[in-house]
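> Protein chains in written order, with the working numbering: chain A, 1 to 214; chain B, 215 to 709.
Incorrect hints may have been included.
[Claimed, not checked] Okay, derived cross-link-like pairs now, SDA-like style, lysine to any residue, Cα gap no bigger than 20 Å in a straight line:
1. B/633 with B/618
2. B/425 with A/140
3. A/89 with A/25
4. B/420 with A/115
[Unchecked claim] In silico contact screen, one side only, chain B against chain A (beta carbon under 8 Å); selected entries:
5. 272
6. 366
7. 375
8. 422
9. 476
10. 494
11. 506
12. 527
13. 549
14. 617
15. 659
[Claimed, not checked] From the structure, some residues in chain A lie toward chain B, with a derived Cβ separation under 10 Å:
16. 10
17. 13
18. 30
19. 99
20. 182
21. 203
22. 206
Note that these hints are calculated values from the structure, not bench results.
Just so it is clear, CB atoms sit at the ideal spot from N, CA and C, and this is done for glycine as well.
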Amino acid sequence: MSARDVVLGRVRRALADVPREERPEQVPVVRDYLASHSPADPVGMLAEHLADYRALVHRTDAGGLPELIARLLAERGSGSVVVPAGLPKGWLSAVPADTVRRVPDAPSVTAAELDAVDSVVTGCAVAIAETGTIVLDGGPDQGRRRTTLVPDHHVVVVRVPDQVVESVGQALPLLSPVRPLTWISGPSATSDIELDRVEGVHGPRTLEVVLVRE
Amino acid sequence: MSGATGTYLGMPPFPRAAKDAVRDATLRANLRHATHTIRDKRAAAVAELPDWPELRAAGAAIKDRTLRHLDHYLVQLEERVTAAGGVVHWAADAAEANRIVTALVKETGEREVIKVKSMATQEIGLNEALAKAGIRANETDLAELIVQLGDDLPSHILVPAIHRNRGEIRDIFARNMARWGRAAPETLTDAPAELAEAARLHLREKFLRAKVGISGANFMVAETGTLVVVESEGNGRMCLTLPETLISVVGIEKVVPSWQDLEVFLQTLPRSSTAERMNPYTSMWTGTTDGDGPRVFHLVLLDNGRTDTLADEVGRQALRCIRCSACLNVCPVYERAGGHAYGSAYPGPIGAILTPQLRGTAGELDASLPYASSLCGACYEVCPVAIDIPEVLVHLRERVVQGGPVTVRGTRTRIRPAKGHAAERAALRAATWALDRPGAMRAGQRLAGRSRRLLPRRSLPGPGRAWTASRDLPAVPAEPFRDWWQRRTRGEDGR
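Start from the sequences and build out the full structure, keeping to the hints where you can.
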């Protein structure tokens, strides 16, 4: 007998008390929790909750975005930046090409090469106000998962209010489970030493979130 | 150290292990500081959500639906994971799971793997099994790294090195990092930020080089075949994204029916666990994705006593557990005894009901675990899936003392009453006899009242000695309550 048959057989014998005719959906699950906690100002709450977790939050409009991104990379002293294939052309237009090397998000770029890159600039799929979360789904303006993981400085652009939802429950239906998803709530952190939170272990230690009003 | 941390095998029963732990002043101070810090934060995080009771009830209901139809959901999950390019394996016990994973790693030709913190692989002793096959498993969670470098055992579900303070961690890093890779900086102090930085540098080269990653999962969605790992540091993302081969070992009870169900657990787990609105990183993946992440994905579905637990209608609620560790942080027994005394990967109140069900109560340690509690109920109050831990504890005590029907490795059997509980059984029989006979009870109480000067002040003789070893015996009153009550009510009635 295969291990599969052994385990499934044990499960079925263990559930001898469950009526044979009972269907899974007949076991009641009451979802009377709130669909959202209805923040008065979701974008404001997103900014506040991101800041709570030491993400650096900036606000601008479409016109000011290129200057802002250029300034953030310059302040960081970045000499190189990973660029997802579908990043809107204008976003890096104010970043000087002679001093900041563009590294494409391509399969040929190894993890070790990414490790030598200073920054990464991406968009996102959706942002959640209540939890202060940015979700990446590998879309063309975000790239492969490792591109937002290995460099130590991540600048992520959120279009507000379009890309902002109030709650986790509102975000899930907008996301496709077929795509690899990364939910980011503040920079890398640990509470492993005496349960004190310390920002910065393996993921990008600096997370800058740019809220662009459209 | 060979990638192997210590083992829980052959640990003494809870009371003996706990006795040593409570004498360790550093350990007690570390634990008290940590558990009190986190429990207050958790309360604040939970208080932010006015619908917490509804979320908690929904979480319990979703898990109950899953457990009552576990075969259905497992088959569905297998189908979806396979359709998405994953390979599903089944393991009836720890040895089988270890064999499968070891063979999979050997196939890749690698001698080294990187690991995300995982309770399931801790439970089955995977690191030790891999070490025997000459494969080193590098733990990458900061706390697991502290434990591994210190040749130690985890003592908490969320923060396995909770028993170590910053000074001890500094010493472990300074002393042992060089043996396994990049050494700690010479100037390392005990500042948590510096310790985290040392771990970052030590592990970075391992991440960049690794070809095989091993993980567990917090949830598996049957409807979509999606696995979910929640974490804080980014080591999880590294292990799930950079290697070419990913092997996930997951307990069969971790399945949830639908994508929508995540809306409940992604609210309750972070707030219960690290007391955050959301943990820094959550990774979700369905099979493999072209050009992004591992090209090969294996899922090992682990039973290892879970179906035996499922067969117990009272005890099966323990399988709802989402491993948040809130019950540890509020438990007065855990706070004093620490995690090691529980003798398994699952310490604290949840361990006291899970371990004896996963492993059975035949061993001395496992039979002692249902007693590692004062039944105060704080664990039940904070549990985000409403596991009535005190109810299961009492149920398991009854099983230990009286024996009865259980399922062991899938086979129904009867266990005999455990040895060493003869006094308890005799006391219960005597109590039943006396409570059925009010006359005898009254006579006995009066006799005790009159002879109370002859009774021992502090400790009982004979088999009662164990009970009074850590408690003072309550004083026997001069007059039984029932006599006093009758006298009093008669007086008021003027009779």
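> Hint by hint, say whether it matches the structure.
Hints versus structure:
1. With a C-alpha separation of about 14 Å, the suggested pair residue 633 of chain B and residue 618 of chain B falls inside the 20 Å cut-off, and the hint holds.
2. For the proposed pair residue 425 of chain B and residue 140 of chain A, the alpha carbon gap of about 26 Å is over 20 Å, so the pair is violated.
3. As the CA atoms of residue 89 of chain A and residue 25 of chain A are separated by approximately 48 Å, the hinted pair breaks the 20 Å bound.
4. In summary, the hint linking residue 420 of chain B to residue 115 of chain A is supported, as the alpha carbons are separated by about 12 Å, within the 20 Å threshold.
5. Hint status for residue 272 of chain B: holds, given a least beta-carbon distance of 6 Å to chain A, under 8 Å.
6. Restraint check, residue 366 of chain B versus chain A: the minimum CB separation of about 13 Å is more than 8 Å; hint violated.
7. The interface hint given for residue 375 of chain B is met, as the beta carbon of that residue sits about 6 Å from the closest beta carbon of chain A, less than 8 Å.
8. With a least beta-carbon distance of about 5 Å to chain A, the hint placing residue 422 of chain B at the interface is held under the 8 Å criterion.
9. Satisfaction of the interface hint for residue 476 of chain B is found here, the shortest Cβ-Cβ separation to chain A being roughly 6 Å, below the 8 Å cut-off.
10. Using the Cβ-Cβ criterion of 8 Å, the hint placing residue 494 of chain B at the interface with chain A is satisfied: the shortest such distance is roughly 5 Å.
11. Because the smallest distance between the Cβ of residue 506 of chain B and any Cβ of chain A comes to about 5 Å, under 8 Å, the interface hint for this residue holds.
12. Evaluation of the residue 527 of chain B hint against chain A yields a held restraint, the C-beta minimum of about 6 Å falling below 8 Å.
13. Violation of the interface hint for residue 549 of chain B is found here, the shortest Cβ-Cβ separation to chain A being roughly 13 Å, above the 8 Å cut-off.
14. Because the closest C-beta pair between residue 617 of chain B and chain A is about 20 Å apart, greater than 8 Å, the hint is violated.
15. For residue 659 of chain B, the interface hint is violated, since its Cβ never comes within 8 Å of a Cβ in chain A; the closest pair sits about 43 Å apart.
16. Interface restraint check for residue 10 of chain A: the shortest CB-CB distance to chain B comes to about 4 Å, inside 10 Å, so the restraint holds.
17. Checking residue 13 of chain A against chain B by beta carbon gives a least distance of about 7 Å; that is within 10 Å, so the hint holds.
18. This hint holds: residue 30 of chain A has a C-beta 6 Å from the nearest C-beta of chain B, less than the 10 Å allowed.
19. A hinted interface residue such as residue 99 of chain A counts as satisfied when its beta carbon comes closer than 10 Å to some beta carbon of chain B; here the least separation is about 26 Å, so the hint is violated.
20. Because the closest C-beta pair between residue 182 of chain A and chain B is about 6 Å apart, less than 10 Å, the hint holds.
21. Among the interface hints, the one on residue 203 of chain A holds; its C-beta lies about 3 Å from the nearest C-beta in chain B, closer than the 10 Å criterion.
22. With 10 Å as the threshold, the beta carbon of residue 206 of chain A stays out of range of chain B, its nearest partner Cβ sitting at about 13 Å, so the hint is violated.
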